[in-house]
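Engineer: Which chain is which? The protein sequence lines are A and B, in order.
Numbering-wise (the working numbering), the first sequence opens with residue 1 and increments by one.
Numbering-wise (the working numbering), the second sequence opens with residue 1 and increments by one.
Please note that a few of the clues may not be correct.
If you want the ones that stay clear, here's a sample from chain B, every Cβ over 10 Å from chain A, calculated [what the hints assert, rightly or not]:
| id | residue |
| --- | --- |
| 1 | ASP18 |
| 2 | LEU73 |
| 3 | ALA76 |
SDA-like mimics (lysine to any residue), calculated; alpha carbons at most 20 Å apart, straight line [claimed, not checked]:
| id | chain 1 | residue 1 | chain 2 | residue 2 |
| --- | --- | --- | --- | --- |
| 4 | A | LYS80 | B | ALA14 |
| 5 | A | LYS12 | B | ARG11 |
| 6 | A | LYS80 | B | LEU13 |
| 7 | A | LYS80 | B | ARG56 |
| 8 | A | LYS12 | B | LEU13 |
| 9 | A | LYS103 | B | LEU60 |
| 10 | A | LYS103 | B | GLU55 |
| 11 | A | LYS12 | B | PRO7 |
| 12 | A | LYS12 | A | GLY30 |
| 13 | A | LYS80 | B | VAL43 |
| 14 | A | LYS80 | B | HIS51 |
| 15 | A | LYS80 | B | GLU38 |
| 16 | A | LYS103 | B | VAL52 |
Hints in this document: simulated from the structure, not taken from any laboratory.
The beta carbon of each residue, even a glycine, is placed where N, CA and C say it ideally should be.
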Amino acid sequence: MSGVRLLVGTRKGAFVLTADGKRSKWDVSGPFFGGWEMYHLKGSPADPNRIYASQSSGWFGQLIQRSNDGGKTWEAVGNKFVYDGVPGTHQWYDGTPHPWEFKRVWHLEPSLTDPDTVYAGVEDAALFRTTDGGQNWDEMPGLRGHGSGPQWSPGAGGLGLHTIVLDPTNAKRMFIAISAAGAFRTDDGGTTWRPINKGLRSEQIPNPTAEVGHCVHRIAMHPSQPNVLFMQKHWDIMRTDDAGDSWREVSGNLPTDFGFVIDVHAHEPQTIYVVPIKSDSEHYPMDGQLRVFRSRSGGNEWEALTTGLPQKDCYVNVLRDAMAVDRLDSCGIYFGTTGGQVYGSSDGGDTWAPIVRDLPAVLSVEVQTLS
Amino acid sequence: MIRVVLPMHLRTLARVNDEVTLEVNGPVTQRAILDALEARYPVLCGTIRDHVTHERRPFLRFFACEEDWSHELPDALLPSKVATGAEPFLVVGAMAGG
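Produce the complete structure using the sequences and hints provided.
Structural biologist: Here is the structure:
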């Protein structure tokens, strides 16, 4: 019997939502780690019962939790994130050098093949890796050390490494994104990195086409086309067909191209989803209407998906890690809002329904397709 | 025997329901208590003080005998009532609300 398991991180705990393949009735368990900020939870593709979770608090700092039974029980593993060598400085809001300081783990990306290997994107921006199931974490220093690190500066939400995309066809290739430094790629397993921001244009920085400094919000890839990436930038939806060597804008007819999430249909590599947000000053949908936009052409031509979503007086946001797709035959799409709703569609976005309505503000949504 | 009172979230992490009792060898100081606490409950490492610098996390306070010891040096001797177990050493989360 197939089914899905949603892993939902919120401002005040984690929730696990499960359903069978019909996805019409949901079981909600949680809160796990009640009262803690759960930035991200993600399961191992190599062992779906192995799940990792980032748990943090302004009082008590960072913890990493691990489950070996699909989220029923958890154990704290290692939480020591220490920058490699002398950390150095990045640029602070006022332009002065500021020492790198670990604040929290934004994103956990388990290896595609090894349940004990996980990558962690952290604030202040750096990439860490564990190879022992989370007991020990070591920085992959080539990213911060590649040269432009001292120029990186935080966005309003902090200097966070929030996106990690693994190439399923090339174990040496990985993409990451940082707010507000941009996107980077390694082709040698993380030893060396280079910025991949050619074609991005950001009017909010002194040189709009600078090599680094862009506020990339999210990058998505379909596993069958690893050289094609879709990006939700601060403003603009972008696309590359050459693994980031060059980008072009595909915002097309969107009513606004500001937003946070972007994702790709599980079976249609040219079908992508975004949730447009009014502006960088007004983090809610336009006109009080919560609309997912779908492009079946890899961008430029977009259609609004509204059936089942609130079309009046809705002023929630959808944060960067809060959308996911399942791999069932009829692709399911899910997203969570800062208003505590998690919406799901079991028909590729044609129709939507709330799975839960009243959680704390949702920070992240991931889905596991279970067989 | 030293008594330590932890805030709710740290009790949950350490999987204890009530105050913690610890053996501390030598002078009873903040550092000695926290060293013993982390040795007994490794999950608390990094949650009360920084992993590397061992500085108190900014939003936590240390109270004992109705006094705030948060700004005292980590090797300062704590009151004898803490050393004898007559009074607990309290780890307190700074108030936040509004």
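Engineer: Taking the hints in turn, state whether each one holds.
Structural biologist: Cross-check of the supplied hints:
The beta carbon of ASP18 (chain B) sits about 19 Å from the closest Cβ of chain A, which is more than 10 Å, so the claim that it is off the interface holds. Here LEU73 (chain B) stays apart from chain A, with its beta-carbon at least about 22 Å from theirs, past the 10 Å limit. ALA76 (chain B), annotated as away from the interface, keeps every beta carbon of chain A farther than 10 Å; the closest lies near 23 Å. Using a Cα cut-off of 20 Å, the hinted pair LYS80 (chain A) and ALA14 (chain B) holds, with the two alpha carbons roughly 17 Å apart.
The straight-line distance between the Cα atoms of LYS12 (chain A) and ARG11 (chain B) is roughly 17 Å, inside the 20 Å bound, and the hint therefore holds. For the hint linking LYS80 (chain A) to LEU13 (chain B), the alpha-carbon distance of about 16 Å falls within 20 Å, and the restraint holds. For the proposed pair LYS80 (chain A) and ARG56 (chain B), the alpha carbon gap of about 16 Å is at most 20 Å, so the pair holds. Between LYS12 (chain A) and LEU13 (chain B) the CA atoms are separated by roughly 16 Å; this keeps the pair inside 20 Å, and the hint holds.
At roughly 16 Å between alpha-carbon atoms, LYS103 (chain A) and LEU60 (chain B) fall within 20 Å of each other, so this suggested pair holds. Of the supplied pair hints, the one linking LYS103 (chain A) and GLU55 (chain B) holds, its CA atoms being roughly 15 Å apart against a limit of 20 Å. Distance hint between LYS12 (chain A) and PRO7 (chain B) is fulfilled; the C-alpha atoms sit about 17 Å from each other, no more than 20 Å. For the hint linking LYS12 (chain A) to GLY30 (chain A), the alpha-carbon distance of about 11 Å falls within 20 Å, and the restraint holds.
Between LYS80 (chain A) and VAL43 (chain B) the CA atoms are separated by roughly 11 Å; this keeps the pair inside 20 Å, and the hint holds. For the suggested pair LYS80 (chain A) and HIS51 (chain B), the alpha carbons sit about 7 Å apart, so the restraint of at most 20 Å is met. Among the hinted pairs, LYS80 (chain A) with GLU38 (chain B) is consistent with the structure: their alpha-carbon atoms are about 14 Å apart, no more than 20 Å. As the CA atoms of LYS103 (chain A) and VAL52 (chain B) are separated by approximately 14 Å, the hinted pair is consistent with the 20 Å bound.
Of the numbered hints stated above, none is contradicted by the structure.
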